[in-house]
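Respectively, the protein sequence lines represent chains A and B.
Residue 19 in the numbering used here sits at position 19 of the first sequence, and the numbers go up by one each step.
Residue 43 in the numbering used here sits at position 43 of the second sequence, and the numbers go up by one each step.
It is worth saying that the hints were derived from the structure and are not from the lab.
Heads up, some of the hints might be wrong.
Said to hold, decoys possible - 20 Å max Cα-Cα, derived DMTMM-like pairs, lysine to aspartate or glutamate: (1) B:Lys176 to A:Glu302; (2) B:Lys176 to A:Glu170; (3) A:Lys66 to B:Asp164; (4) A:Lys195 to B:Glu48; (5) A:Lys66 to B:Glu166; (6) A:Lys195 to B:Asp15; (7) A:Lys195 to B:Glu17; (8) B:Lys176 to A:Glu300.
What the hints assert, rightly or not - Computed footprint of chain B on chain A, listed as stretches where at least three residues anywhere in the stretch have a Cβ under 8 Å from a Cβ of chain B: (9) 248-256; (10) 315-324.
Built from N, CA and C at the ideal position, the CB exists for glycine as well.
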Amino acid sequence: MRIVGAGWMCGVALLVAAGAALPASSGAEGTLSALQTDMDQIARRARPAVVTVFAQRTTRKPPAEKRVRTRVGSGVAVEESSILTTASVVLGAERVMIRTANGLQAEAELVGVDPIFNVALLRVPDVRLPTLRFGAPHDADVGSWVISLGTSYGAQPTQSVGNIAYRYREPHQSLLQLTNNVYPGNSGAAALNPKGELIGIVQGELSPPEPANRDPDGERRPGGASFVLSAETIRPVYEDLRRSGRVPHGFLGVRTRPASVTATEGGKRTPIGALVESVVDRGPAQRAGIRPGDLIVAYERERVEYPEQLARWVAATRPNISVELVWVRDEVGHSGRAVLGQSPDPLPDWVMRDPDFDAPDSSPVRISDLEKEVRRLSDELTRIKDRGGKH
Amino acid sequence: MSCKRARNLFATYWDDEVTQAEREWLESHFGACSACRAEYDALARTIELVGSLPREESPADFVERTVARARRAAVEPDHVPGASHRWVPITAAAALLAVLGGSAIQWAGLSTAPEQRPTPVAIQQPTWVGPAPGTTVSRSSTGQPQIAGATNTVPDSIFDHGEDVEFILDPVTLRKGRAHTTIRGADAPRGQQATITF
Numbered sequence: 001m002r003i004v005g006a007g008w009m010c011g012v013a014l015l016v017a018a019g020a021a022l023p024a025s026s027g028a029e030g031t032l033s034a035l036q037t038d039m040d041q042i043a044r045r046a047r048p049a050v051v052t053v054f055a056q057r058t059t060r061k062p063p064a065e066k067r068v069r070t071r072v073g074s075g076v077a078v079e080e081s082s083i084l085t086t087a088s089v090v091l092g093a094e095r096v097m098i099r100t101a102n103g104l105q106a107e108a109e110l111v112g113v114d115p116i117f118n119v120a121l122l123r124v125p126d127v128r129l130p131t132l133r134f135g136a137p138h139d140a141d142v143g144s145w146v147i148s149l150g151t152s153y154g155a156q157p158t159q160s161v162g163n164i165a166y167r168y169r170e171p172h173q174s175l176l177q178l179t180n181n182v183y184p185g186n187s188g189a190a191a192l193n194p195k196g197e198l199i200g201i202v203q204g205e206l207s208p209p210e211p212a213n214r215d216p217d218g219e220r221r222p223g224g225a226s227f228v229l230s231a232e233t234i235r236p237v238y239e240d241l242r243r244s245g246r247v248p249h250g251f252l253g254v255r256t257r258p259a260s261v262t263a264t265e266g267g268k269r270t271p272i273g274a275l276v277e278s279v280v281d282r283g284p285a286q287r288a289g290i291r292p293g294d295l296i297v298a299y300e301r302e303r304v305e306y307p308e309q310l311a312r313w314v315a316a317t318r319p320n321i322s323v324e325l326v327w328v329r330d331e332v333g334h335s336g337r338a339v340l341g342q343s344p345d346p347l348p349d350w351v352m353r354d355p356d357f358d359a360p361d362s363s364p365v366r367i368s369d370l371e372k373e374v375r376r377l378s379d380e381l382t383r384i385k386d387r388g389g390k391h
Numbered sequence: 001m002s003c004k005r006a007r008n009l010f011a012t013y014w015d016d017e018v019t020q021a022e023r024e025w026l027e028s029h030f031g032a033c034s035a036c037r038a039e040y041d042a043l044a045r046t047i048e049l050v051g052s053l054p055r056e057e058s059p060a061d062f063v064e065r066t067v068a069r070a071r072r073a074a075v076e077p078d079h080v081p082g083a084s085h086r087w088v089p090i091t092a093a094a095a096l097l098a099v100l101g102g103s104a105i106q107w108a109g110l111s112t113a114p115e116q117r118p119t120p121v122a123i124q125q126p127t128w129v130g131p132a133p134g135t136t137v138s139r140s141s142t143g144q145p146q147i148a149g150a151t152n153t154v155p156d157s158i159f160d161h162g163e164d165v166e167f168i169l170d171p172v173t174l175r176k177g178r179a180h181t182t183i184r185g186a187d188a189p190r191g192q193q194a195t196i197t198f
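Looking at chain A on its own, in the form it has when it is part of the complex (with noise of 0.2 Å):
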């Protein structure tokens, strides 16, 4: 008799669950419809502003076959006649062109490119864009949500929602990971926050650790994580750009090349920092007491591993800053501050590197040692033209 009185209780008690249970899945069914509402009015209001951006340039391969090669990537109007874009899409380009989401398509100028912030700014007169405003750093945290908003495969609309997974802060710049996914025609998308501010600028996804992972056809699949160029490090480059059409780096001064250690006999390098070959004479570096052979190995309390990061991190700094630098030499650590100068290169050579092929099993030794005999036989090869003139 317990046991079923028991029973009757239970029942009573599973059955007023359940009728709890009701209202609360009704409300959450609610909540859930009324997110997505609102998730596609910020989509839908921000989706003019998007646009796909296209560009060609000719390219000559032995022997001297022309071909026009197109790279094909997604902007966001900033401007009414504004599109900030990736420098990737449209480096070293002939012509550029946009196709907005309603279909109209344009010939767009070039007004700068900067390939350290993988940035660039084009104008398109002959139409009127709607606009997206740059949201306030602090609406960009991690745990924010995200929409990102692009263009892939015949100019045709991406979205995604996710949000922000991490923070990469190096100095004078962030990144922002995301969970969003992202796709191919994609470098240059919109990243917004839920209020349809523009939080970012979408660069690309987590390449792949090994080639294996690539599909057959060598094209590149959506992946798990994407990363956006914050909008925070972007303003003050897009301002540049559009005042003068290129971005003020720094400048240090240095010579640098590889330096790495090994553990155990044949065990693997670890980078250590940048090891100077030489100092510009008056430069930024040699003011602040930094010699041949000193080994740079702290930039603004980051440790350096290798010479490019050092570079990326300089010319991410702008010119007249002073910076605070840790090198080591014969073994003992010295610090001190380095007002940089103005780089005179818009465009260095070590920009478009893939790190990769500075892999720390690479070793710069060897590559010195080559620099060495090509030295070496140039010289003998001058030695012999000048023999040859005599005779």
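With chain A held as given, fit chain B onto it using these hints.
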């Protein structure tokens, strides 16, 4: 003195309207002055909390109905707005009722179905302002819509993504907690360089 200068910059720093030099100066000051850092964090947290408060929405005709009811209940006749300040308490009462009404609807768990949400504003579309008027939409051989009159410059072959068309998605490399975008640009130098100058 420097703390005073830092605090004067808080609002513009929050709005991201400081110059690069001001930003760097302020951030270096934050590194050195924990009091300013704490004060700024408190300010940021306060603004975020205020910003995160739910925005209540009321039915589209709620304000009109409330104002009409308030007018009917008013002892004095209506006045032309601007002629006096008597409309202020009416508007304030209407706004208060709107907020309270919205809260009551929310509290009572009434449905806020999408069809009851305010009508979205008209979405602005890109417009052609160039020399040729573009109004007629036609279809290209690939089915892509094209605007006649606009510069018909993008060839259909691009939509086929053939061998000479590359859809850009830059690879990002992660190494020891650092992310780096690799630009595989046009005529990018290849191979190793032992030394670099910067």
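Right, here's what the structure says about each hint:
1. Distance restraint check for B:Lys176 and A:Glu302: the Cα-Cα separation of roughly 13 Å lies within the 20 Å cut-off, and the hinted pair is therefore satisfied.
2. About 13 Å separates the Cα atoms of B:Lys176 and A:Glu170, which keeps this hinted pair within 20 Å; it holds.
3. Simply put, A:Lys66 and B:Asp164 have alpha-carbon atoms about 12 Å apart, close enough for the 20 Å limit, and the pair holds.
4. Restraint check for A:Lys195 and B:Glu48: satisfied, since their Cα atoms lie roughly 14 Å apart, inside the 20 Å limit.
5. The suggested pairing of A:Lys66 with B:Glu166 holds, with an alpha-carbon distance near 17 Å, which does not exceed 20 Å.
6. Of the pairs offered as hints, the one joining A:Lys195 and B:Asp15 holds, with about 15 Å between alpha carbons and a cut-off of 20 Å not exceeded.
7. Pair hint A:Lys195 plus B:Glu17 holds up; C-alpha atoms about 19 Å apart against a cutoff of 20 Å.
8. At roughly 18 Å between alpha-carbon atoms, B:Lys176 and A:Glu300 fall within 20 Å of each other, so this suggested pair holds.
9. Counting residues of the segment 248-256 of chain A whose CB falls under 8 Å from any CB of chain B gives 5; the rule of at least 3 is met.
10. Here the segment 315-324 of chain A counts 3 residues with a CB under 8 Å from a CB of chain B, which clears the bar of 3, and the coverage holds.
Taken one by one, the earlier hints all hold for this structure without exception.
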